[in-house]
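A.B. asks: Residues per chain, in single letters:
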Amino acid sequence: MLMPPFELHHPSTVDEAVELAASLMAKNEAFDWVAGGTDVLPNYKWRINPKPHVISLAGIEEAHALSSRELGCMVPLSSLTTENDVHPLLVQAASKVASSLIRKSATVGGNLCLDTRCFWYNQSEDWRRSIDWCHKADCGTGADCRVIPNQNTLCVATYQGDLAPNFMVLDASVVLIGPEGERTMPLVDFYELDGMKKNVLKTGEFLLKVVLPEEAAQRKGCYQKLRVRDSWDFPEAGVAASWVPGNASSLMVASTALESIPRLHTEQVEEHLTAGDLDPLALAKIVQKSVKPVNNTALPPRYRRAMVKTLTKRALLDILE
Amino acid sequence: MGSYRQQPGAPSSEVRKDGKRVAGKQVFPPPGSGGSEPQMRPRDLDFIPETVGGKEAKPAGDHIHDRDRTGTVVGKPIPLVDSNAKVTGQAWYGDDVRLPGELIGKILRSPHHYARIKSIDTSRVEALPGVIAVSTGQDAPNRFGVLPVTKDEHAMAVEKVRHVGDLVACVAAVDEATAIEALSLFDIEWEELEPVFDPKKGLEDHDEPIHWRGKYHLARTNVQKRVFQEFGDRSLVKTPHASSHGSWTMMGVHHGFTEPHAVVAHWDPNGRLQLYTPQQVPHYTHRALSTVLDVPMHQINVIRTFVGGGFGGKSDPFPHEMCAALLARKAGRPVRITFDREEVYWINRGRHPSHIDVKMTADDSGRISGFDIDALIDGGGFASFGHVTSYYNGVLATAPYELGSFHYTGARVWTNKPASGAMRGHGAVNTRCAVEVGLDEMAESMNVDPIDLRLANLLPPHSRTISGFRITSNGMREALERVREGSQWDKKFRQLPLGKGIGIGCGFFISGSGLPIHWDPKNFPHATVHIQVDMDGGVTVHTGAADIGQGSTTAVAQVVAEVLALPIEMIHVRSHESDTSPVDLGSYSSRVTFMNANAAIRAAIGIRDQLLKAAWDMLGYHPNVLVLNDRRIYYKHDPAIGVSYLEALHKAQADTGALIARGAYRSPPMGGVHKGAAAGLAPAYSFSAYVAEVDVDVETGLVSCTNVWAAHDCGKALNPLAVKGQIIGSCHMGLGQVLTEKMVYGRTGHLQNANLLEYKIPSVHEMPHVEAIIVESSDPEGPFGAKEAGEGPLLPILPAVVNAVYDAIGVRLRNLPLTPDVVYAGIEKHVKQNGLEDAEAIEPPRLKHGPLQSVLVARSDEHRERDRLRQRSEDTSAYVNGVLFGFDPDRPLAEQVDGWREADEPLPEQLAELGFAGRAWLKKEQRHMGGDD
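For the record, the sequence lines run as chains U and Z.
Under our numbering, the first residue of the first sequence carries the number 560, and numbering increases by one thereafter.
Under our numbering, the first residue of the second sequence carries the number 59, and numbering increases by one thereafter.
So here's chain Z without its partners, still in its complex pose:
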């Protein structure tokens, strides 16, 4: 198998002898090549019997898993397999775990924004009757953090507290009242330090930076991470035909999951730690526990309880998990810690408060000549996932559009606030909103329809983005066309009366991070699944995939049922304990369905092959002509000749006992070699387009979203019911961020609304009607063609609403959320600037197509055919970002144009013109300043 087709300019033989990839020359492996079997399987065949839907349409031609379809359950809407437990109240969440002799743990939290702990005296706490164990930071000096490169957390403050609510000490007592009383008995001597709240201040030098990174510390600033990326020919943006420039302020938002954090720790009689926790990523907790407690990983069993919502907020290893373990070790009894809601907000890890600046330009044929993005993000007190977020804020804007050039500067700073982290749509949401609104504005200045502007600038399927991502399946065009039709866009856009508006937004997201956080993907797979089938015929599947409500357990059960042609009730997924489940990286980066289901399919094939071999022995027909169908294996051309599933199973077990098989998945090596090239790499990407309709009360500024047409390309909907649920849920969460949700830090830097009344999540009453439209582009690498549907669908709702508000009132708003006071202030300013009598006199914007419109329509018509042929693999020529600008995809772009640049550091002459976050590049690291402490 040769190199993959969109690989530009370098045949696969041009790999360095040491196996590393050559700079500027990317080799893309073919899709379907991830995992333990490096080569693509031969593509078959009409193997699914017609009687069970075998002749269904194949939107992208044949698929590697066609041979494994049995028509059993994939593609059918089924309720999640754990829904009975949830709706009957029998699911056991973190706080439902009750072990005999349990103690209640409580955490003492910092009352200061930033302070040094000079001493802690616990003698009065220990003297309180009913207190069994007390622990402080001195008990656990080892640092941890979700990313190995930024371990900056302790179980409890060791030297300094870094925000109000930071952990100081903890106590375990016989009951909650005693534990609460005990918290008031700690005697602590503090030395208060000068806090930093404003991320812009974080770029400046500070007497006492919040963390110290030694020789890698950037001067004496609070910059945790800075990023510079530049691709393409920057000369293109010098003389734009049209442009847009928007400066955004986006407030931080929180996941708002229902279940507060809770943990139970217990050291069993053999001295092994049993830790019950609602975690999205049990494996990282497992690692962090081992580091912090100084206990080998095999002496720890992490038990994932049911998770009452995560959305990224339960994906860090958490200090309270360490606290529970420390207290339980000291007390010799189980310890349970359950958070109050304000503690949930104090541990945070929500979306970063951001200042984002987006400039974009277009040339006279309506091509996007450049994106110029600057993102300053407020990380709060700890690094968390911030290293990655700093990249995502830029690089996830490099598609779905074909760009002439791309320039990104980003910086994440520490401030004395609860730590930001990963949240649904990690790092991509805020920039995406700014970009999509910018496109709307640029379309307006060109007098063209913003949907046509997008349609004429899309990257096709099987292409390479400007920064080197491998795009495989791509349903962007279909998504746009379907929401345009569904919403009757052409009859409404720029034609609605004042106060009514309609807007468009698109999205692009990774389907599984291509680079695992903790190890080299060349050595370990991303996901592993074990399957065991015993005499009763039931199939036990062991996976570490953490079902956080998104339905990963169901997805795994579905694909196994599909391959083995068994009813889903016969598939039992065991995924709770690290003792029994193979290591899985957990539920983040929208990787679970893609990677776990891929691994599960491979494992199921292992079982199926054993069954078919047994049937071959019994029937005399080769497996290639045997069909699995509902607990029966039969000869393809005469269904009367066959054996039952159990007969074949028992035959297969005759010599070996229970059948076992394992399957693994790892994404193929991809991407460029520049610094940060791995950020945003994924084996596949999802695409979405939403149209939102809003009502704006021009006198009060109240915005209500009334209708959403939401098209999402998830490759293949394994379970359309779950996909629609994810689309609607994403709409809800995104609407919260765009309209009402914000973490409010008052003038004293305190989080003012750490509760569910004042942190305003929309209720069902505020929900619009959501028309969920599933687009299936059948991804060649995805399990049965599937891609993610959990995070990407959140992205487009924000810009769609912001653009719809503009359509309704003609005012561009760039402060999120659009609470009524923000909208009203915008209206007031507009009325004043235009000398209007009142808000009712505003004239909403109107569109008269300019000459460019027909150019765009013609080009998108042409591209529609181009995309169709590529999607169906009828055209397999290379395509890289740049072809739209006339470049040859088969030669490296740097050879074709003088100005072409791929850079991860600014040129000296660029330093003066960098945006806010870019100014971090004006500082030097300590090692370049002579400091090395």
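The following block holds chain U by itself, in its conformation from the complex:
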């Protein structure tokens, strides 16, 4: 399988990277950022939206920052360990991503910015030609969505990153940087409900690091991941929950792999807590009702939705112990 040709750029500072992006934008040249490359490069080999330029973030020192409160986008998942003072929930979640080999390359930033996935989309070029392309990679044909035909507005490809819901229940923020400057926002606001747009990053902007609040250290969390093979599959559903032990109002629950974006279930938790005491099964049922997976991953959506209840219940029982 041949990698399509592209020019690889190696900026060594944030400023250099941003300038490079700006100059490519000025020349109207398309580009992608690459961190570990475990997501972008396989897609390139399948000729899924390849670009003529790729800017690597590997040379930027700031992107490698790693402490209990700050995780740079280039930090490999294999470095998310208790020895490195990383929050136990993140350690647990990172250890469930893909396989140990892939975790050596895959990064925090890459996982958060993971491209959404769909079995009509993550296919070779010949394959996609045989379905006459799809909405997300339409090759200029204006093709319809293949998952839900006759809807041509949103892409429903599924976000299958593992870290995002865990960062969400630790109340993390992300630092984005681009030609228009730096901005910080809660991770919850980072994602945008569209499988193509995926998140709020503007062209030329990249996710530099994730920042955790001081309070996160007091939180106890659990991540439950559903997949066919524990060895290396993407999540078919994932639920993260955390709280400051003893304080029900601090409870947070987030899910992944059920829609185009990961979701923090603030409303469902509030609805449940205003109704009475914390009941894991009851809350799990409410969370289950709030998600609507579609048929574009390995397991059928009905089953994945049913499992949200089980995963949520298990995550809650674990942290309430």
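For the record, the hints were derived by calculation from the structure and aren't laboratory data.
A couple of the hints might just be wrong.
Listed below are the simulated DSBU-like cross-link pairs for lysine-lysine, each with C-alpha atoms no more than 30 Å apart in a straight line [as the list claims (entries may be wrong)]: (1) U:K844 to Z:K144; (2) Z:K558 to U:K844; (3) U:K851 to Z:K116; (4) Z:K890 to U:K663; (5) U:K848 to U:K757.
Dock chain Z against the given chain U, drawing on the hints supplied.
C.D. replies: Just chain Z now, with coordinates in the frame of chain U:
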């Protein structure tokens, strides 16, 4: 030598004058009678010196190869002889072949499921700089196919494409990027046709059947092959004491070998084609190339590279091999084509998606009165091995149990999907799973232990199955008893808590197809081996046996080393080129060790006899009292008197130069005379029994297999290390099919998971602990007693896991694979039907032995002794399927019971009650409808 003992009712003299066998009267030749020497050799002797293990136990008495044992290497665990090349990365696989001036070939594939090509314009492709050659179906109109009776493939589509990914055209260019670019420049006019995806629809008439077979075409359906077989007394099943009926849906699975297909073609300066390809069956490629290219076979040299896994997926002649040759001929330069992974899935040849229906009945003494099997299998776009698969789905279920009757209807249909074909356990796996689970269910309804039900219904060694297979050695009973003991079955079965389960499954498989695909076995041997020994003493063995990782090269080297008493390092096996190796039928049907090693032993004996004769000249002692042992030949009663191997060799070479010898093997003629009688015939059969333990998460439906006790009767483990490797590998592959692997065709008929991330092969992390148990029944026909170990061990793991899941959660599941959603849906339904609060409230099944249990135990105790005597040849009376039901084995069964039937077509009154596949018999062939085009 008279007729073989289990031959029922007809002495060997009752053969027709024209040499053909008489209907209903089978003559079985004695075991050990295959090959160039039609008679059994006298059985010797304690010929292996005690110092090298001569007094080892003989589980089945003496063996024809006892005289040839030297105690050198047979039976010892040794690493495969080509493993150094593999672990150091020096093995040359298909894509490793780099010839000077090579071009890269790429294949244009159909974007349509089913379409007629109205025109192809290649002018824009040819105009692209860097494109050297272009080829389309018009360049190669001759059809080919692995089976001579079903040649329905072309190098590239000639008129129609039959599935997405079917070959349309190909191009050779200076580099891959140019070749890929060129693919977008073909201008093709298509006429799309109505595709068929559902095999049930394939049974119906269609405006445009996917293939047309002229007067043999079945109405206007897409049925490629239909089979009907019925044996025995069907009245037995009318009033059953117990029964079971299961309808199964099994999804297609792919071999998932590591190395994608790759081929390099080169026309050498003399105009001969040199084709490098990782093939399991180079000889069929050789034949197909000759047909398609219109070149005589002697102008083609097929070079088998190392094969990075085959499992049946590299045993067809492939269209891309033709494409490479066509492009190379046009370009005058070597052309290399390597597949991407989705191309591997599009060429497929994996296990057929199947709908299988199994009914079975038992009488009040726990005897199995009938199997009734219906198998509708989805062949995809081409025939491939499907003709055979259609039979195997039924006939390979006729053992190891003794049956009162057997009824099978099968149909294979063409659909607009990648072609199914042969895959490890060819045709036997899905039906076996359905049968073994049915037995489990029937045992439950009789309140007996399913292992005891099996033990009380086994065919003994040296017997004839209901459809006429000759069973020789049979280690089924020992296999069952050893897994029962090893797994502590009696302490666990139906006694484990919810979510934990244990299950049993058995297997039965051919050890080498008795009928070669391409010629009459009366005229050619199945396997031939040449041996050459020159002055240096090294032994060069030429064989066409294709080592696909299973270790055939090692097996051949081992048996030659054994006969000649040489270290295995002195044996050099040359098997890559058709120019130098004698014709071999290739690596399929688990035939290689059995047939090739048999041929190799015979060749080695030829060399040994020359050496012994030289030693006789030198020492004055007759070869009968000479012993070969580690590069020395000596007098049996005084080892001090002897000559070295090299001395004897040089003496033997004095007048003739290098010693040469050849050996061949062919299986004896066997089987009945009904239509399809040859399907499933083999000179020996392997048997296996597995117990699997599983954990089921009742809330998610996730199943993990934790332990497997895997007993396999391979006759004699020539190399126990390789046998264990095959058992563990088979477990892995079977676990994939039963738990996670499936080829998913979405609502549009496209293969949705043509990649290794979404086609979910278990990783090492998902593997259970496998306790590999080798059972040695010493087959009288096998090389040193060996039988196959490559495919049979896959069969039992599927039913063992399915039965274990039932033991864990009390839910019978009949949709494979048991992905968590399937298991969860089963649990959900069970909870609802039984009004339970949730899955945790399920009560797993329990067993309280009924009155039949003691009957079965008593009978199996009796049979254990019967089998022991037969296995050791102390009892040589005839035994045919039916004796358990009170019949006399020495008289034809049809004479003894009115209802006895051996049929290959349904009776008119049966037509109304046939199963799904059986409905193919409601249609007529064109020639019976007045059509003959």
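A.B. asks: Are K558 of chain Z and K844 of chain U close enough, with their CA atoms no more than 30 Å apart?
C.D. replies: With a Cα-Cα distance of about 27 Å, the restraint between K558 of chain Z and K844 of chain U holds, given a limit of 30 Å.
A.B. asks: Within 30 Å, alpha carbon to alpha carbon, are K890 of chain Z and K663 of chain U?
C.D. replies: Violated, at about 46 Å.
A.B. asks: Quick one, are K844 of chain U and K144 of chain Z close enough, alpha carbons at most 30 Å?
C.D. replies: 53 Å, violated
A.B. asks: Is K851 of chain U close enough to K116 of chain Z, meaning Cα to Cα at most 30 Å?
C.D. replies: Violated - the C-alpha atoms of K116 of chain Z and K851 of chain U are around 66 Å apart, more than 30 Å.
A.B. asks: Quick one, are K848 of chain U and K757 of chain U close enough, alpha carbons at most 30 Å?
C.D. replies: 23 Å, holds
Checked against the numbered hints given earlier, the structure breaks hints 1, 3, 4 and satisfies all the rest.
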